[in-house]
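Just so you know, the sequences run in chain order E, B, U and P.
Everything in the first sequence is counted per the UniProt record's numbering, starting at 1 for the first residue and increasing by one.
Everything in the second sequence is counted per the UniProt record's numbering, starting at 1 for the first residue and increasing by one.
Everything in the third sequence is counted per the UniProt record's numbering, starting at 1 for the first residue and increasing by one.
Everything in the fourth sequence is counted per the UniProt record's numbering, starting at 1 for the first residue and increasing by one.
It is worth saying that the hints were derived from the structure and are not from the lab.
Everything numeric in this text was worked out from a predicted model, so none of it was measured.
Any given hint might turn out to be false.
A pair counts as met if it fits within one copy or between any two copies, since identical chains are not told apart.
[What the hints assert, rightly or not] Using 30 Å as the maximum straight-line C-alpha spacing, the simulated DSS-like pairs for lysine-lysine come out as follows:
1) Lys224 x Lys104
2) Lys3 x Lys250
3) Lys111 x Lys3
4) Lys250 x Lys28
5) Lys224 x Lys125
6) Lys250 x Lys125
7) Lys164 x Lys250
8) Lys104 x Lys164
9) Lys250 x Lys224
10) Lys164 x Lys224
11) Lys224 x Lys3
12) Lys164 x Lys28
13) Lys3 x Lys164
14) Lys224 x Lys28
Here is what each chain is made of, one letter per residue.
4 protein chains.
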Amino acid sequence: MIKVGIVGGTGYTGVELLRVLANHPSAKVEVITSRSEEGVLVADMYPNLRGHLDIGFTVPDIETLAACDVVFFATPHGVAMSMAPELIDRGVRVIDLGADFRIKDIPLWEKWYNHTHTCPELVEKAVYGLPEVNREAIRTAQLIGCAGCYPTAVQLGYLPLLEKGWVDHRRLIADCKSGVSGAGRGASVGALLCETSESMKAYGVPGHRHLPEIRQGLARAANKPVGLTFVPHLTPMIRGIHATLYSVLKDPVDSGLQELFEARYANEPFVDVMPAGSHPETRSVKGSNVCRISVHRPQNDDTVVVLSVIDNLVKGASGQAVQIMNIMFDRPENEGLTQVALMP
Amino acid sequence: MIKVGIVGGTGYTGVELLRVLANHPSAKVEVITSRSEEGVLVADMYPNLRGHLDIGFTVPDIETLAACDVVFFATPHGVAMSMAPELIDRGVRVIDLGADFRIKDIPLWEKWYNHTHTCPELVEKAVYGLPEVNREAIRTAQLIGCAGCYPTAVQLGYLPLLEKGWVDHRRLIADCKSGVSGAGRGASVGALLCETSESMKAYGVPGHRHLPEIRQGLARAANKPVGLTFVPHLTPMIRGIHATLYSVLKDPVDSGLQELFEARYANEPFVDVMPAGSHPETRSVKGSNVCRISVHRPQNDDTVVVLSVIDNLVKGASGQAVQIMNIMFDRPENEGLTQVALMP
Amino acid sequence: MIKVGIVGGTGYTGVELLRVLANHPSAKVEVITSRSEEGVLVADMYPNLRGHLDIGFTVPDIETLAACDVVFFATPHGVAMSMAPELIDRGVRVIDLGADFRIKDIPLWEKWYNHTHTCPELVEKAVYGLPEVNREAIRTAQLIGCAGCYPTAVQLGYLPLLEKGWVDHRRLIADCKSGVSGAGRGASVGALLCETSESMKAYGVPGHRHLPEIRQGLARAANKPVGLTFVPHLTPMIRGIHATLYSVLKDPVDSGLQELFEARYANEPFVDVMPAGSHPETRSVKGSNVCRISVHRPQNDDTVVVLSVIDNLVKGASGQAVQIMNIMFDRPENEGLTQVALMP
Amino acid sequence: MIKVGIVGGTGYTGVELLRVLANHPSAKVEVITSRSEEGVLVADMYPNLRGHLDIGFTVPDIETLAACDVVFFATPHGVAMSMAPELIDRGVRVIDLGADFRIKDIPLWEKWYNHTHTCPELVEKAVYGLPEVNREAIRTAQLIGCAGCYPTAVQLGYLPLLEKGWVDHRRLIADCKSGVSGAGRGASVGALLCETSESMKAYGVPGHRHLPEIRQGLARAANKPVGLTFVPHLTPMIRGIHATLYSVLKDPVDSGLQELFEARYANEPFVDVMPAGSHPETRSVKGSNVCRISVHRPQNDDTVVVLSVIDNLVKGASGQAVQIMNIMFDRPENEGLTQVALMP
């Protein structure tokens, strides 16, 4: 049994970790921390867990966490970096769902997150948590910086094209739509039902924190810096990200896009390349760890349109983190992750 | 392995059966029928099932169905009664999610459903499919008429009070709110997003088909006919029923309501009596087979208010049907039904 | 031109006042206050008002407000009582959309609002702001305590029955469903889209602050204290209240319910008694000042079911306040209030 | 008083015309037709109109329509072309909200609409109904082919850039998001709440009927054919279109984008250029005839991102049609169109 600790269990990625792990046959949540909810039973805060999980929140404590095999951080940036060094020293493997270990370029990270990084040496050793790119490195990693939600959807959609160099890497446009749970569970006017329902808007057009992360990932795939415009939108739904990805074919007579994608993801348990002509819906992955992708070339023109959908809380966060844990602990990669999406 | 057939797999209760059964360790869907979708892969119609179920719709055929151990009917009323007799003759056990075998009083059924019943003799033998009431009879039944969605939520909420005779059986008011999936997947103006979103309305106030079924169930519990006003409402959400149940205590000084409910459901795997003072939310059971209940006595007056929530497609239909199958085939009652509700 | 002041313009009832008044031909908003948004243009906060209203928020100041003909308080309880006395002394008429002047019984108010009332003498003089009950008193009133949202929907639905004494006043059940805007625009986890969308729940079953207000109004109609159970529910929509009102006919052979309601509201500009058999939808009043009502007697039994819908921000708050202003200043009662509901 | 006829009043653009015209001081709806609803009162079908409009549906009849000053067609393509010729012969002015007269290239129209055009000579004479482009021609036109919903949002966003030639006309990407009302009021599974709520998807990526219309409009602005990729998305809300428009600056050092847009629309009553840095929300125009636009140049790169929002049923259909009627009949352009958007 993998002994699991969770730091920051009260947010949406925290409760989603609990949902996934509650039915995981090889993992057991031993400790879950929250300063604000100390002593509260998890199931009192999240009644969907009643009967599934009999554990309460405790104040974060390094001793208790150090007794775990793996600790997940489901926290805002800045938290994981403050505790990860000691946990790693004591042999605990750390999976950070936050942003502390995603970006290799420390000054870039510090600029976008407006925060001084306290353990740059760990960033270097950390493995970027996107199994479709880094599976082997994940297997033996001590520290994972899990891919963000937008970055997961965007990278999985662009990888086949950029790795093969089929499209102009300088002209990438990622128009992304996210459900409101991406904003987290904090009390904020902007995420009220009355502010977000029956409406659609773009946000962060001048610059969003996921931009440098996506650029880093796409540059790795293209083997050179890329030019990317990234526009996120807030969509009136709870879960889901829909990435609509535009790029320009270098050789306009090229065909074989469908085959390219199918071949790239043939052995991936959680990437589903849909039949040519498909339009994946976010609800088809609601609650599941799957990324569904389709690729189009409208009017046979030289623009490629890739549609990529995930559940931002699962493949975009907690499901992916469990997938990574499975790889790290030599479990079947889909263990505990076989739920069928809820549809309708 | 229980060999399962499903008649009418294209509606919402059909696809929900498939979602639940896809991960059931002891059951395998061998055949699923649909006249209109013959030859279509189930996963092409419901992409959430891609990778989980590799089977296509076939035209209903008695021979193929007769090779199954159990056949579910996820069909409008009138279909099950036309095929059940022969299937039962051939030793197949039948679980009807529709209305054909729920009501014992044939003329009453014919009046409300405006349909001639073609096998009244089977109605007599059929067991009403509500495990919390009929578990033993279900175990050996050949034919089940599953409880409807509203009837499940309402009966589970009233049973403790009526069985013990604590409330006036002549003055029951069930104010129920349902998500739109209760209207099914048929193309109708009334269930369009633009007609149902951002709105709330009552419907069927003069009379709804679930009224006689609920009355029959409550009369059984009270051991006498009951007086019930039942008002269903359409709520702008996909899944969920919230039943708000009013009744009048006979002995106003009585206490022990909380204990009464806890004792009644102490051994029920799918009924969760919440702590005193709770307000269950439908989302706390979204996608799960649980019914959550709380009981109130506002202002210490003589009116009891019971709040009862289910997912209409799970405990109100397909999950309950699988729970019943588990009982019939001597499987652990919660096998395949341990999913945690999706929250948020 | 009526010179209007608004205290507390940043909440939902505040912006709704602005929306209604922006097109009012006889009123002009001269001042709108908000401590937190001082100096901000109203249209920067509420872009729907761009091009309609060129005014900014100012800090509340008694001199500026005293120059108005009427001041609306769109504030939480406790604010109006602190400023109303001086404004009234200086001849300004005051319309409080909050709760400070609704309840005549001061100790009762103090118990439910957990607050000491600082001007009980004004409560006595204040007129309860429900035009269908108090039109004549409103005409000359100096101070109005506007009816709350639930109380408006519930009273309008019960009045005809109670005024005529047709139903048992001791057995009233008001099952009410409200959109989330009723919770206001404050940052709170409970009103996030991710917490309220795709879900339904009851709240405040042990006791809600609108209960004593409703009881007071119904007692006035019945001319004696009433027995009322009131259960509010949170519904996943922005606007709208649907009240489902149960009562028991004293004389079960009585007929004429439809006529009773039509006669009672024949001359009311904002109460629409729908044809017999109707089920009013909240969307049919979205953005309009209308209350639509239908009355049923299911199965010809002795239970009467009244369905009453309003837009909680219009007839339940700001529209009603403007209707009251029209009456006070001798304007046509529907001036500025003729918008057709937005449907779909 | 302008005498108005409406053909096809039962759909969403029909009822929206009625909502807008109900309060129009200079127009009166004399006749509204529907074959399927003959004899039904409009207010019985659309209860929001109760008390506002006392008229019933009649079978389309050329004599009755010919007595009007103007006839709106709120019909699917193919209907207006069958009746417009005779109406125009008889001096009636015709405003088609459908697609029959939008596209000048008849074979192109016939290919995309899969329909033979029966009056190509009228197409030539028809004026494209987008006042911001064609105001003068509209003034004297006999026949208007109103701009579609997506085409309105996209053209208003691109016009300033293309008219001045600031961006590369060969590399335009319009990523558009629409509410479900764009699909109309027909009974279809695809527009059910249970199919569209809590989900987002692209559709028509290989080709959508609005593509040739948008291309025609943008080519007119650019004075040469344009290269455009257009991807529409279905969004879980009733009303609203959000167009996110990408283009590449020819001269990357250029500035003055904000001024360009402000100057272009300085005198437009229904185009609101928001302050630099804004992110318009569709709800800020819900129910109003306004198009709100903001322009961005993320990271000071050479990609321009224009955000353009409208209410698809108002500025994208019925409001725009009334704006056009006002122009044609020499009324103030905003008469009857001053409603403030409903927010929240």
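Exercise. What are the numbers of the hints the structure violates, in ascending order?
Worked result: Per hint list: 2, 3, 4, 6, 11, 12, 13 and 14 violated.
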